[in-house]
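Protein chains in written order, with the numbering used here: chain C, 4 to 350; chain W, 4 to 350; chain G, 4 to 350; chain R, 4 to 350.
These are computed hints drawn from the structure, not numbers from a lab. Misleading hints may appear alongside valid ones.
You can't tell identical chains apart in this list, so a pair holds if it fits in one copy or across any two.
[Claimed, not checked] Listed below are the simulated DSS-like cross-link pairs for lysine-lysine, each with C-alpha atoms no more than 30 Å apart in a straight line: (1) Lys253 / Lys168; (2) Lys193 / Lys7; (3) Lys283 / Lys7; (4) Lys193 / Lys283; (5) Lys168 / Lys7; (6) Lys253 / Lys193; (7) Lys193 / Lys168.
From a predicted model like this one, the values you see are computed outputs, not experimental measurements.
4 protein chains.
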Amino acid sequence: MADKIGIGILGASGYTGAEALRLLAGHRQAEIRWLTAERNAGQPVAALFPHLGDLSLPRMERMDAVDLAAADAILCCLPHGLTQAALKDLPRGPKVVDLSADFRLRDPDLYAAVYGAPHGAVDLQKEAVYGLTEHYREAVRGARLVANPGCYTTTAELALVPLLKAGLIREDGIIVDAKSGVSGAGRAAKEANLFTEVSEGFHAYAVATHRHAPEIEQCLSDFAARPVRITFTPHLVPMNRGIFATVYVKLKGGVRAEDLQTGLESAYAGEPFVRVLPFKGLPATRHVRGSNACLLAVHPSRIEGEAILLSVTDNLVKGAAGQAIQNMNLMLGLDETGGLDLPPLFP
Amino acid sequence: MADKIGIGILGASGYTGAEALRLLAGHRQAEIRWLTAERNAGQPVAALFPHLGDLSLPRMERMDAVDLAAADAILCCLPHGLTQAALKDLPRGPKVVDLSADFRLRDPDLYAAVYGAPHGAVDLQKEAVYGLTEHYREAVRGARLVANPGCYTTTAELALVPLLKAGLIREDGIIVDAKSGVSGAGRAAKEANLFTEVSEGFHAYAVATHRHAPEIEQCLSDFAARPVRITFTPHLVPMNRGIFATVYVKLKGGVRAEDLQTGLESAYAGEPFVRVLPFKGLPATRHVRGSNACLLAVHPSRIEGEAILLSVTDNLVKGAAGQAIQNMNLMLGLDETGGLDLPPLFP
Amino acid sequence: MADKIGIGILGASGYTGAEALRLLAGHRQAEIRWLTAERNAGQPVAALFPHLGDLSLPRMERMDAVDLAAADAILCCLPHGLTQAALKDLPRGPKVVDLSADFRLRDPDLYAAVYGAPHGAVDLQKEAVYGLTEHYREAVRGARLVANPGCYTTTAELALVPLLKAGLIREDGIIVDAKSGVSGAGRAAKEANLFTEVSEGFHAYAVATHRHAPEIEQCLSDFAARPVRITFTPHLVPMNRGIFATVYVKLKGGVRAEDLQTGLESAYAGEPFVRVLPFKGLPATRHVRGSNACLLAVHPSRIEGEAILLSVTDNLVKGAAGQAIQNMNLMLGLDETGGLDLPPLFP
Amino acid sequence: MADKIGIGILGASGYTGAEALRLLAGHRQAEIRWLTAERNAGQPVAALFPHLGDLSLPRMERMDAVDLAAADAILCCLPHGLTQAALKDLPRGPKVVDLSADFRLRDPDLYAAVYGAPHGAVDLQKEAVYGLTEHYREAVRGARLVANPGCYTTTAELALVPLLKAGLIREDGIIVDAKSGVSGAGRAAKEANLFTEVSEGFHAYAVATHRHAPEIEQCLSDFAARPVRITFTPHLVPMNRGIFATVYVKLKGGVRAEDLQTGLESAYAGEPFVRVLPFKGLPATRHVRGSNACLLAVHPSRIEGEAILLSVTDNLVKGAAGQAIQNMNLMLGLDETGGLDLPPLFP
């Protein structure tokens, strides 16, 4: 197996770490070299994730017990905040994809305002490349450190970036009404995420204050004629996986909803993971469950000069571990789809 | 029991009929006189709804086999379309609350455009009073025939009517992003509503084409300075009950989100079933499950001059059978809350 | 309101406490006098349970801050283990129904073996009456302290007691395969009860070691010709409420399954909360959701001389708060059904 | 691709057909040659199963429009009853794995008694080999027609066969208390399988009369010292996928539960899809979701001389399409695990 790419995972005890393991099990050119989990050091993966019990995997270890440089690529699944400290001292050899929010915002002041503390690794922050693969592909290919986008943000950005880039929609008036499965909240034991508190119900949270809004704005502004400011409302759906974004946009003068359809189709022609449904199509999160796909659809609005975009992803795959592997593949010069060719699981 | 109000239910074999029975079981001034269900005539209620097996209820009969005039009030739970024909020939004695969509739109042309066929009982259509109780209370009190509002529409209208009436929000740019539990689709056996097709997923449907949009517009226009046209997107949530509406509005000049809070609070002061949460509150459908309550909350937006309203109801109660009983109580001169004082069921 | 019975609730911050509040809101002869919750002292109920926000309820207080004797009856919803200490020093005036497991087992040695520590209030343990209402009614009526049965145990015992009492089934070979909703695990934040860990899956736990087995055996032995020892396997169902017990029994010589049907029907004739379905009936937990009902059914087995019993309850009602109120009503000389006449909620 | 094995699927419009397509997408030595679906002929797979929209698949056709002989192997996913007629006239070239119940029972009289009609293809019935792969492997390898076992039966049989074969448990007194996800009921639109009728609840069905009981008995009797008759109770769990069997057994003289553990471990050593958990392990259906795995565990009982077995599978994979592909691989001389190496999906 000497010719396989060696992967290390920092923080393998959460859902995104486990999802990376699931996907990498089918990656023919990669193998897991080491796994860390501070509190669960010494345990086999199957003790935390019995569904992975059939895989041959190294035990989890403390971060200071592994040879970090022994990996060609590192997926960092540590919690927000802790990641900065952990990545600051990494050897510079391995490529790194960070799944936390720590390196997504480029402006240290904005970071401090949004996350409530100054950034602890400003140099790394400058070096990091934002990993919305389809739209930053060349930068990702050359990067050493990729900041993997959030799940809400990926889902919203894939719908909006091509339309802003092509000047088809206005920069103002964008509303992202987003709905997420519960796995986005992680595996930490919190009352709010108990089955009894989530099932058979629906609610919004962090209305107008969610940290993904500035991230979406940063990305959209990269491709728009002028800075973009959005309305963003996240909601919690009683399901494990999936993000559904209903996006309300205003058309630029003379543009029709059909033009958005054409714009998305041409932007994503040939893309392996983004599929534009026929005009007025109805994507569902269950159509992408477990896969790296993003499905997009365009609908005309009842209001002249407006349109509605629908975008779905699996928050743990295209919204986390899947896109991370997609980025890692690019950074290592591998086929971009390696480990990511699983069809969705339905029902 | 001679002094109890006698109730008849047309079409008692669906979820709204069963919900009316559940609520009326606790109504001290009402009793069920007859129940109809064409295909299930002759059966006891418990054969269709085992959860009601402890109640003493008459058997279901064919409509032509019951003495319709023997009821003081009739709740009509027949399907859309069939209702017009059924109500045309009713004796004029009993008060009627119709839970279908047949009498909600006042304009016969609009009705024909939305429902794809001319209205079959235009005279009744003219007579019908729209039953959003809190805002048409006096008209309901004097009505013989009330058109009970839809579930999506009730939830959206309760949030918007007072703000339009007070001139706090603009008539344009209103977006209602609504999410519903599955019971809103009724009990008919359809592939799309199978457990396997709905659970562990989320999707939008009838984007920009749902029939509740014109109904909402008619009601809002009643209270606004000029005709209102809205954007309305319904979604299906893997839960049995509940409607959650996230409503995006634009503030009139000089108005702040806090003013919407005050406006809603004063509009609903003293209302038994509408509760305005503290500013930036987070209602959840599970907080109203099984009850006639509507919870409202106001949030400032990240965008200057805009605000976000949250509104939740139980689609089978305030969105159907509960509001129907509320209207019936009014029409009969009873206490408006009769049969409707059940606290929600959680978890 | 001077003529209403005053109720105090110890430990009102959990699901059983909240469920007692929901039920007591409809109890015409009772009112809440005080509520305790150590960690949430000072908070209104609505802060913990927004679904109860429309009720007029006292704030939660520390136990040492309330006048315990000001209540005619106390429902104790404290955690297992803590209850012994709390109840030891209660004033002897109020009637007490304890919903914990602390006073269910009569034998101090058995208690110590099952719960891993000696009992801390052996005198109270002796005084306590086991509160399976239908079968200990006279003792409950005269009791000062009732030990309210567990949810699994109530569901199993209601099916088995009359058959053992009538000598229709053998004392050996009883298997209780039980399935519970998640609310039985309480509101504590535990990884195992997260939505993501429970939904879309099924598993057994505490196989052959669950603490409800000795409790069931103690009760069954009270009514059987000789000590009973059972097999008991609990499972977790991805639903909020409900217990379903599938009970395998061996018939005594000459007895047929039809005789079990007759036996149960005659045992429960006139009982307000236990309903025996027709022979081979199919009860479901959703038929009792939110109500104090227990539904029972008898099925013949494919094996000669054996039969299968099905029993369902709502674990938070007949399995906890509902039966507690039923017992409290008896102890206070009230109508046994006070506060318990709510029909189930479906769907 | 001339060297790939060509697969045809009869009845590709149901969940088992779709699941076969999902799995075969990852099978490196197989490709889909044709798909039939009478009522959906002419449609692409994605019209029925949007989650498979990224796969390159032939359109569905009527059975009489495809060249049946063009396939090396045929997976028959037609409904019970229809299958006999369809398979009678198949060309004898292709290997056939039938996923219906039509060829599982060997005795025509038993078939007629269980299915209510005489068998329509008795010669084929005689030819068919029962496809519980791990225990009929050599017969499967040489078969032309394999009757793929049912989902309940696979799950129960994998736990019991080795223990009966080794004489560790008694042939009498076996109780299989089984719990299934809803996808086992297929995609037909039935009221009983609506989301609203299934979610947030639990019930038993077909108590002591389910057709899988005789199938289990036939298989167990193949490996037991004398004919086996079992008690079998199926239940419906509000989840999409998964079978959980709780199996109660009586030990032969001198045998301990630990011996069952050893017996299962040695029976399944080296098996790629059956994993015996450590003694007293707790498998969950979510640990095998989407995979061909079966997890087994042994627990001692509270009753001397008895034990409890736990067995879980995914009903659509090891209980249907997965085991069918496993059998097909064997029949074609391919690696038995081809297309079946996907790890489970969790959460």
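Hint by hint, here is what the structure shows:
1. Taking the shortest Cα distances, Lys253 and Lys168 sit within 30 Å of each other both inside one copy (14 Å) and across copies (27 Å).
2. Proximity of Lys193 and Lys7 under a CA criterion of 30 Å is satisfied in neither setting, with 39 Å inside one chain copy and 39 Å between copies.
3. Taking the closest pair of Cα atoms, Lys283 and Lys7 never come within 30 Å of each other, the shortest separation being 44 Å inside a single copy and 38 Å across copies.
4. In this assembly of identical chains, Lys193 and Lys283 lie within 30 Å of each other by CA distance solely across copies; the values are 22 Å between and 39 Å within a copy.
5. In this assembly of identical chains, the alpha carbons of Lys168 and Lys7 never lie at most 30 Å apart, being 38 Å within a copy and 44 Å across copies at closest.
6. For a Cα distance limit of 30 Å, the shortest separation of Lys253 from Lys193 qualifies neither inside one copy, at 39 Å, nor across copies, at 36 Å.
7. In the homo-oligomer, the alpha carbons of Lys193 and Lys168 never lie at most 30 Å apart, since the shortest distance is 40 Å inside one protomer and 42 Å across protomers.
Taken one by one, the earlier hints fail for this structure at numbers 2, 3, 5, 6 and 7, listed in ascending order.
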